[in-house]
Each structure stands twice: as structure tokens, then as C-alpha cells.
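K.L.:
For reference, the chains in residue letters:
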Amino acid sequence: MSSAQRAEGQLVKQKPVAQKEVATISNGDIDLPVSSADLKSSRAEKLNRSAAAQIINGFALLGICVLAFCIRLFSVVKYESVIHEFDPYFNYRVTGFLTREGFYNLWNWFDEHTWYPLGRVIGGTIYPGLMWTAGVLYNVLHLLNIPIHVQEVCVFLAPLFSAFCALSAYLFVKEIRGQGAGLMAAAFTAVVPSYISRSVAGSFDNEGVAIFALIFVFYLYVKTLNTGSLAWATASAMAYLYMVMSWGGYSFIINLLPIHCLACVFTGRLSHRLYVAYAPLIVMGTIGAAMIPVVGFNAVLMSEHFGAFFAFGVLHGALFIRYVKSVLPAKAYQAAKTLVLTGGVAIIGVLLALITGYVMASPTFGWTGRSLSLLDPTYASKYIPIIASVSEHQPPAWPSYFTDIHVLVLLVPAGLAACFRPLSDASLFLILYGVTAVYFSGVMVRLMLVLAPAACCLGGVAAHEFLLALTRAIRAPNLAPSPVTDASVSLLDTAAAPSPAPKSKGKGKSSAAKAEKAKGKGVTAESMFDFLDTSGKGRIPRDVAWIGLVAATLGLIFYIGHCVWVSAEMYSAPSIVLQTRDPQGGVHVFDDFREAYGWLRFNTDPNCKVASWWDYGYQTTAMANRTVLVDNNTWNNTHIATVGRAMASPEKKAWQIYRDLDTEYVLVVFGGFIGYPSDDINKFLWMVRIGGGVFPDIKEKDYLAQGSYRVDDQAPPALLNCLMYKLSYYRFAEASTMVTGRYGFDRVRNTMIGKTDISLQYFEEVFTSEHWMVRIYRVLDRPNRETKLKNPRRAKPPRRSSSSSRPRSASGAPPK
Amino acid sequence: MVAGSTGWVLAICLCLSFAAAKPRHSASEASPSDARLAELEHLASQTKDHVIQLNTAAFDRFAGGKRRPYALVIFLTARHLVDKPQLQLGKLRREFGLLSSQAAKSGNERDAAGLRHFFIVLDFHDSEPVFHRLGVNTLPYIFRLPSSKAIEAGAIKLRPDDQMRMEDYSSFPWSANDMAGFLQEKTGISVGTIDRPSLFNSRLFPVLALAFVAAGTYVAYRIYYLPILKNLGLWLAASLVVFWFSASGGMHNIIRGVPLVMPDMKTGKVQMFLQQAQGQLGAEGFIMGTLYTACGLSVAVLTWLAPNLKDRGIQRGVSYLALLTGLVSFYQVISNYRWKTNYRMGWFF
Chain A
1 MSSAQRAEGQ
11 LVKQKPVAQK
21 EVATISNGDI
31 DLPVSSADLK
41 SSRAEKLNRS
51 AAAQIINGFA
61 LLGICVLAFC
71 IRLFSVVKYE
81 SVIHEFDPYF
91 NYRVTGFLTR
101 EGFYNLWNWF
111 DEHTWYPLGR
121 VIGGTIYPGL
131 MWTAGVLYNV
141 LHLLNIPIHV
151 QEVCVFLAPL
161 FSAFCALSAY
171 LFVKEIRGQG
181 AGLMAAAFTA
191 VVPSYISRSV
201 AGSFDNEGVA
211 IFALIFVFYL
221 YVKTLNTGSL
231 AWATASAMAY
241 LYMVMSWGGY
251 SFIINLLPIH
261 CLACVFTGRL
271 SHRLYVAYAP
281 LIVMGTIGAA
291 MIPVVGFNAV
301 LMSEHFGAFF
311 AFGVLHGALF
321 IRYVKSVLPA
331 KAYQAAKTLV
341 LTGGVAIIGV
351 LLALITGYVM
361 ASPTFGWTGR
371 SLSLLDPTYA
381 SKYIPIIASV
391 SEHQPPAWPS
401 YFTDIHVLVL
411 LVPAGLAACF
421 RPLSDASLFL
431 ILYGVTAVYF
441 SGVMVRLMLV
451 LAPAACCLGG
461 VAAHEFLLAL
471 TRAIRAPNLA
481 PSPVTDASVS
491 LLDTAAAPSP
501 APKSKGKGKS
511 SAAKAEKAKG
521 KGVTAESMFD
531 FLDTSGKGRI
541 PRDVAWIGLV
551 AATLGLIFYI
561 GHCVWVSAEM
571 YSAPSIVLQT
581 RDPQGGVHVF
591 DDFREAYGWL
601 RFNTDPNCKV
611 ASWWDYGYQT
621 TAMANRTVLV
631 DNNTWNNTHI
641 ATVGRAMASP
651 EKKAWQIYRD
661 LDTEYVLVVF
671 GGFIGYPSDD
681 INKFLWMVRI
691 GGGVFPDIKE
701 KDYLAQGSYR
711 VDDQAPPALL
721 NCLMYKLSYY
731 RFAEASTMVT
741 GRYGFDRVRN
751 TMIGKTDISL
761 QYFEEVFTSE
771 HWMVRIYRVL
781 DRPNRETKLK
791 NPRRAKPPRR
801 SSSSSRPRSA
811 SGAPPK
Chain B
1 MVAGSTGWVL
11 AICLCLSFAA
21 AKPRHSASEA
31 SPSDARLAEL
41 EHLASQTKDH
51 VIQLNTAAFD
61 RFAGGKRRPY
71 ALVIFLTARH
81 LVDKPQLQLG
91 KLRREFGLLS
101 SQAAKSGNER
111 DAAGLRHFFI
121 VLDFHDSEPV
131 FHRLGVNTLP
141 YIFRLPSSKA
151 IEAGAIKLRP
161 DDQMRMEDYS
171 SFPWSANDMA
181 GFLQEKTGIS
191 VGTIDRPSLF
201 NSRLFPVLAL
211 AFVAAGTYVA
221 YRIYYLPILK
231 NLGLWLAASL
241 VVFWFSASGG
251 MHNIIRGVPL
261 VMPDMKTGKV
271 QMFLQQAQGQ
281 LGAEGFIMGT
291 LYTACGLSVA
301 VLTWLAPNLK
311 DRGIQRGVSY
321 LALLTGLVSF
331 YQVISNYRWK
341 TNYRMGWFF
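So the protein lines, in turn, are chains A and B. In terms of the UniProt record's numbering, the first sequence opens at residue 1 and continues consecutively. In terms of the UniProt record's numbering, the second sequence opens at residue 1 and continues consecutively.
Chain A with its partners taken away, still in its complex shape (with noise of 0.2 Å):
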């Protein structure tokens, strides 16, 4: 138990504590009479008050996850109980058929229905994690005779395990800091925005479990850490593996829990407890990350394991180093030491030669693309635009950061601070998990939801001692010395404390810092913080705590109000909903997404095949129950560069693709009509840059006017021709005029489109949704007729056939 554990005041010291102390008063540490009588009333007293603590500990918990559930249900009571966006549906696709042919039968599940004519092996694809989740609920749900849709399940997963996410900070927390800390820090993780993005009702998506899983594995390491029990050893083990199966993101930890080992072998921490909670976990869990498909030999064989592999060497070595020296005499050690640091360095160049040759060997150094992203932050923008593309791959501004954390992230500096006081194995796990979450979400936006946890941990920590402070400060008498703590540890006691951190009994100088002074590690100009009072009896004078704690109090509410509004008014949009408010506060909802869907399902042929540009694959074989060419799982960046290609093409050469494709039909998402932006024109870029990735002659800059992309008169010949725009503004010239009485007037690039009489020879409109968001077109067997072409009724060709070149659907009117 840590000090500052103990420092939490007298409400919530657990059990064993009070018996202890106990133990020291009646040891006569203290020499005050103690009759059994007063020992008898303050023991029951402490009893008493630590199962009031409990009790209120207990029920503050249930708050934070009711808390943490109910914040994610704007999404349901604003819109539906719906799956959101576009991988939740593939998710809940898949769930749906583990529900429906078993556990086994998901595993050698190939579908056909997407990456025509490739195919998917989705067992062998997939981070199997949350549908195994969902599918356990749904099967355990209808053991207790429950009789509830599969999709009800999913949609309210995510907020359950957010519920179990608190849970989890809190006893990672507890485990480092105490209670006290837990719980802010459960609180803080029940609200957070970053992750309320992620795990909204309807948001089935694998982080919903995995943020979880993660802040589990890290408890169970840091009370194995704290224990050194294989028990606790084991339990993070299977955690682990369950986060495997669940998320890509392992590999975060698979490196964090290295660079921990490392930390502690290198800062004189090496114990049996390192050894037994790091260890087991590497072996068991790799063994584990081997049997999941998607992983498969990678555990083994990807850069991103090696770093794990190779501490597990260092930690042996180590260990092996300080048995030798347990057993030789010193003089042997020393010349030990030069011999096994000779040989030591020449295994090491050996392996090093191995590891770069293999690893050199690999176009991207062994590192799989989005990993490599993350270590040199250019290299996606340069040579991924599939990775480049995504939005969520974006790096983040400032703002960012206060959306997604808020206050938290004026709580880390303070958080980083507090861990450093005392430094224990544990609070030295929470630094690491800080700053590398904090330097990778600087990277990826999307990893803000690894750093949120951690701001949420650190600014737990942080805003508990503060409060703790404040409020000793509040209570203690003017100017009076107030009864010593043991969480005030001197700024002397700097150097390394092993964990559990040692008693300091707060008599003068901690003994910490003398036993440091004594071999010389540790601050050696002791002068320099004559100024300061080291005994830790200190507070800050009252009107400061005052003014302190009204605004932390505020700060602390305004975070709640924060989260609360983020949640309500930026994160519950499901995405295939879209809602408006007119300024008379009525809600107009646009379900152009559904219709479209419905569209395809119930009017085309089930074997038909639909092509879109990749971010709607997953919707189309979900909700449409059609087969489509590419979708958002981007394993096969050729095939989403041929869909690419085809889009940017002239409407002759798309059709030929489209033919060579079996493709029926073409969907194309389209936001001019009605001012959504987030529609095909605005992504058209990504298309050109993906296609232009593979195939050459796509060139960006045949699309670029003067280097700026606009669609208006000034748009380049090869943007006005490409299938794209033809799809996108076909007979929207006229359409037009009924929106904005404009004609051709397009309102997201706000500007009047530079061709207007757009006329299709290879395509059929066959559908367009009410307010124009989904135009699907029909993929001709062959092209419509050409009017110049010669009619063999007439003896004579026509002298003139360029003004009345156009086939008819030119005028306006849809082709039947």
C-alpha cells in the first residue's frame, strides 16, 4: 500500500489498514497509555467508519456507471435505437451470423458478398472480440428467457462496457493511488468525451470493448505488479488476450508494458513481481495473440512485437546478472562483468545484424503501415493515402484536445507531477501510458481515445491531491503545524522509491531521502531547498484553499456540463440519420441513407453486384443485402484504386471497368442538392490520389484547376468528363432551382457547376433519394444509341447531325 494511500484521511481507510494501526499503537510505538477499553472504542470507532467509507465508496461507483451508461443514450432518445455510421454494420452483420450458425461456423466464414470477385474470409479477418461479446449477452439474455433483438444488443453494448471501463480506471487507479484517486478517476472516465465518441448506444464498433479491455490489462499488470501473484499473473494474460481478439490496438500494449520493463530494469526496480507480472504475460499472451486468425504468426513475426521480445531478453539478462553476482565475490564479478559486457556487446552487434537484415528485408521495415504512421508522423501523407484518406487519421490541433478531454488535459501536467511523488513501479506504469498516449494521439486523432484513459488516470491523481490539499488546508488550524501525513513526501525524496513505496514517518527528513543521501544518488546539493519545509507539515494559507477549491469545484462541474453537452449535441448523431432543426425548433430528419437501401434491397436482383466508393461497402452488404465491390475493410488497395480509377475516368471507360466488374449498379452519395458535405464530390480527391497510387494515368493535377479543386466553369476538362460529376450533378442543374431557385447552383461548394447539360450514354438513373443524398444508377448492357449514328432506313446520312448529337435524356427528363 502506498503512502499517499494512506494519506486519503481517515474515511476510507480499508480494513487491514485500521487493524494495523492498531497494532502499532498497542506495539507502544506511541507512549501514550492505551487502555483496552480506548483501544476497544477506537477500534470499533475506525470499524465503523471504514465501513461507512465503503458503503459510500460503493454507491459512488454504482452512480459513476449509471452515469457512464445513461450519458450515451442521447443518441437513442434523439434519434433510434440504430447502428451507427459504417463499421458498426459490418460488425453487426457479422454478430447477426454468429447468432444465427454458431460460434465455429463464424470462423470459417467466407463471404461472398463483398470484394467482388475476391472475396472475404471474415474469420480469418476479424478481431472476433466484440461480436463474441455480443453474442455471449445475446445467447446468455435469451437463456433468462429475454427475449431481445440481436441489434438491441449491440447497440447497447458499448455503453455497458463504458460502464465496466469506470470500473476498470478505478481499480488501475486505486492500485497506484488509492481510492480516493480511483474514484475521481473513475468519474472523470465515465464522462469523457474522447471516449463517448467511440461507445454511444448504436456505436458498435471495437473500441467499445477494447478501451475496457485495455484499462483491465493494465490493472491486472499493476496489481500483479504491486502482488507478484501468478494468480493475478494469469488473469492479465487472458485479459490481454481478450483485448487481442478484440482491437488492433493491442500492439499499444504489446510496446507500453516493454518500455515499463525496461524503465524498471534500467532504474534499479528489478524484482520478482516485475519478473512475474511481465514474463507470463508476454509468453502466455503472445502464445494467446497466435490463436487468433488475424494475428496469427504476426505475434511473432511484425517489428511491433520485437520490442516485447527483446525486453523479456534484457529482463533474463538482468536477472541472470544479479544471481551471478549473488554468488560470486566481488573481484570475480568485477572481471565477470568485463567479459560477459564484451561478449554481451558482440552477440548484440550479431543480432542486431540479423534483426536489421530481416527487417530491411521488408518494404516497410517490418512494421505493418499504420504502425509506421505513427512513429514518423509524415510517412502516411507521403506514401498511404488509403491511410492519409481517413478523417480519423488526421493529426490534431489544440482544439482538439479540449473537446476531447477537456479540463483533463489541464490536469495531466499535474497528474505527471503527482506520480513522481512518490515514484512507485506502478505510478511509473502511469507516467509511460501517459506520455506515449500523449505523443501518439498527437500523431492520429483516432488515438485520443487511448490517451483519454490516461488523462482521465493522470488528472484523477492529480485533482485528488489537489482537492486532498486544499481541503487539509481548509481544516487545519491557522498557522498551526496539522498532524502528519505521509502523502507529503519531501522534495528531497526524489530518487527512486521501490514499490510498494517504504513508510516514512514523517520525523525530520524522510529516511528515504537519508538513505539516498548515504550512497549519494540523490540530490546532492541539499542547500539548494533550504527554503523549503521538508517535514511535509505544510498548507497553503486558507484563503487561498477557499478561492482554490471554488474554482476546482467549478472547473470540475463546467467538465460534467461539458461532457454532458458534447455528448447530447456532437456525438449521438448516428450519421445514416441526419436531423435539422428549423429555427421554430422542429425537427426535419433526412433518412436518404435507409431509403437508398431499402431501394437497392427490395428492387434489384439479389445477385447483383453494386459499386460505390469504399466508405459505403459496409452498409450496402449490411442494410441493402447486396454484393459490392469494395467496402470499408481496405485490405486490397488495387481494388479500391480500380473503383478509383473508374470513378475518375470518362463515362466509356468507367462502363468498361463497371462491365469487366459484373457490375449492375452504381450508388453515389451527393450533398449539393441539399448542403451535406460530406459527400462523393468533396472525397473525389481521395479517389483520384488512391487510384493514381496504382494506376498512372490518373493524374491528380489533371483535376486541379491552378492547383485549387473546384467544380464551377473553371473545373478542368477531366474533372467536368469523369464519371463522378456525370453521376453527381446529373439533372441536378434543374433540380437546383427548386432549392436555392438557382440554376445548377450547388450549396456545399457554394458555386454554380461548370456543366450543366450533363448527358449519359452508359449509365441509367434509377434511383435518386428524396433529397438527393443517394442517386443510384443503373450499369447499361450496352450504350444508349447514338443519334448520329447512321439510320439504315435512310437512303441518305444526314448532312448534319452535331446540333442533334445528344440523346434525349439531355433535356432534362430521366430515361425510363
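Source of the hints: derived by calculation from the structure; they are not laboratory data. The beta-carbon is built from N, C-alpha and C at its ideal position, and this holds for glycine as well. Just to be clear, a hint being listed does not mean it is correct.
[To be verified] In silico contact screen, one side only, chain B against chain A (beta carbon under 10 Å); selected entries: (1) 217; (2) 232; (3) 244; (4) 274; (5) 301; (6) 343.
Following the hints, complete the assembly by docking chain B onto the known chain A.
P.N.:
Here is chain B on its own, set in the frame of chain A:
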């Protein structure tokens, strides 16, 4: 029969004389060009990166005339502007040199018609009249001078296609690869992958690597035992720097390559903050990161430093200072955030 044979002999003689005369005739015309070609080849071989620096007179000599048996790829630069960071002329010149050396190394300096291409640099100080004749007002300027382009006294009009235009390339400064792409597009010459001089390709690399590993191990060993590394304050400072940099959007600045500040088009003043929800300027991010960190540190000071100060007066002063810093930073963060994002939080009461 004799007459017939005489006729044949005459015809053969005539043919021979024509055959002999024609090359002599063309040689008499081409000889200056050949001399120029040979001289250019000589000049190119004299330089390290096969780029020839010309002045006005030399330009007139080598580029003048109706036709040339070679083509020129010309890079215009100006000595006094090399230091300008936004032009990156020095880097462009190095990349141009890389392209030239790669072309020489690969032996692909001739296009499909067999015309040799030379890489030329003209400096404004040496060739100001040429700049005027070309009508060049802005740098960088890279263009190709085809062999068929007649260069006479007076203005030189180039086809837009023969220049590298800024809008055709997404990134600036252009790399040697961009220039190679331009060359290939215009001439069909493929120089292959640009071979950048790198330490990894050096023969000394294994030795250097071993020396580096040995020296690195030694240095690491020494550093490991340095007393200052036992001071946790150092590590706290390091972790705070990482936090400050990331929360400032430092990575955003690197990846997006945003400038620190921007001149305001309307007022002409220096603009430090970008008033749009997306993106940021470099200075803006660092100011906000500093405010985040300052607020956090003031909490830390109030929690750990201020209570432990012996002198009550100093303690009060430090406490109020920390409190004030914290509150001001907090207020600044919130007001800047509201200004930037235009979000107005609602309380739902």
C-alpha cells in the same frame, strides 16, 4: 556499248560525288554545333554533378541559333535569394544536381530522337539579360529548351508546357523525383530511381555502424551512471515537454507543414491565430500548449511546492501567483476555445 559503259561510269561518279558532297555540306553547317556539343560534354564532365553553369555570353553561344543538336534543361537561380526560406533555391539546386548526376550515371541522357540533354544553371547575377529576355519575374524557374526552339536576339517565348509549373505539383520544394517526372513527361527520358547519396550506401557503412554501436554503448554506459539521471525532476521535465509538444499540436505542425505565423492579407499584420475550427498555425498551437501546461503546473505548485515553503510571506506570494496563473490560463484557454470553435455549451436546464 562503250557509250553505255561511259554513261554508267558517269552516273556512278555523279552519285559518288553527291554522296561525298552531301556529308561535307552538312558537316560544314553542323561543325559549329558539333563543336558546341563537344564543348558542352566537356564542360559537363568537368563538374561534379554534371550541371553546367553559364553566363549570358555562354548562354547565347550554346543556346543561340535556329536548331541545336542537343536540348537544354535550365534551372534559373539567384545568388542573393538563396537564403530565402520560402524559395528553397539551395535545396532545389541540389535536387537538380541529383537529377543531373543520376541521368549521367544511368546513361539515359538522350531522348527517343537521340538528342542529348544537358543540365544548365543560370544565375541572375551572371545572366540578367537572359532573365529579362525570358520574362522571368519569379523563381524558382525550371524549363526545357528543345533543340528545335529558335533563339534569336530579343524576347524568348517558351511554351507553358516546357516549364515546371507550381500548380502541377502538390508539394514544394520540388524533389529530384518531381524533376525526373517532368523530364520523362516532356522527353521520354527515364533516369530511373534517384540515387541519393546516403550513409547506408557507403562502403564504410559497416565500419561506421560498428563504431557507432561501440561508441553508443560506451556513451550509454557512461550516461547511465551519471548522477543527474537519478534526479527525477529531469524526467518530470522531459515528460512535460512531450506533453506540451503533443498538446500544442506539434505533430500537426510537422505533418501539415504549417508556418509559425502568417501575414494577414487585409491588414498586413502578423497573424498568429487562425480563425477557423480546423487547423492551426504553429505559434497558435504552442501558445495554447503553453497555457495548458501552465495551468497544470500551477495546480502542481499549489499542491506540492507552496505548502512546503518555510517563509510564510513567500508562501502566500507563490500561492497567489500560482492561483492567478492557473485561473488566467484557464480563462484564456476557454475564451480562445470558444473564439476558435464557436461552440457555445448548453446546460439543458
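K.L.:
State for each hint whether it applies.
P.N.:
Right, here's what the structure says about each hint:
Evaluation of the residue 217 of chain B hint against chain A yields a held restraint, the C-beta minimum of about 6 Å falling below 10 Å. The restraint placing residue 232 of chain B at the interface with chain A holds, with a minimum CB-CB distance near 4 Å, inside the 10 Å limit. Taken as an interface hint, residue 244 of chain B checks out: its beta carbon lies about 8 Å from the nearest beta carbon of chain A, inside 10 Å. At a threshold of 10 Å, the smallest CB-CB gap from residue 274 of chain B to chain A is about 9 Å, leaving the interface hint in force.
With a least beta-carbon distance of about 9 Å to chain A, the hint placing residue 301 of chain B at the interface is held under the 10 Å criterion. Checking residue 343 of chain B against chain A by beta carbon gives a least distance of about 8 Å; that is within 10 Å, so the hint holds.
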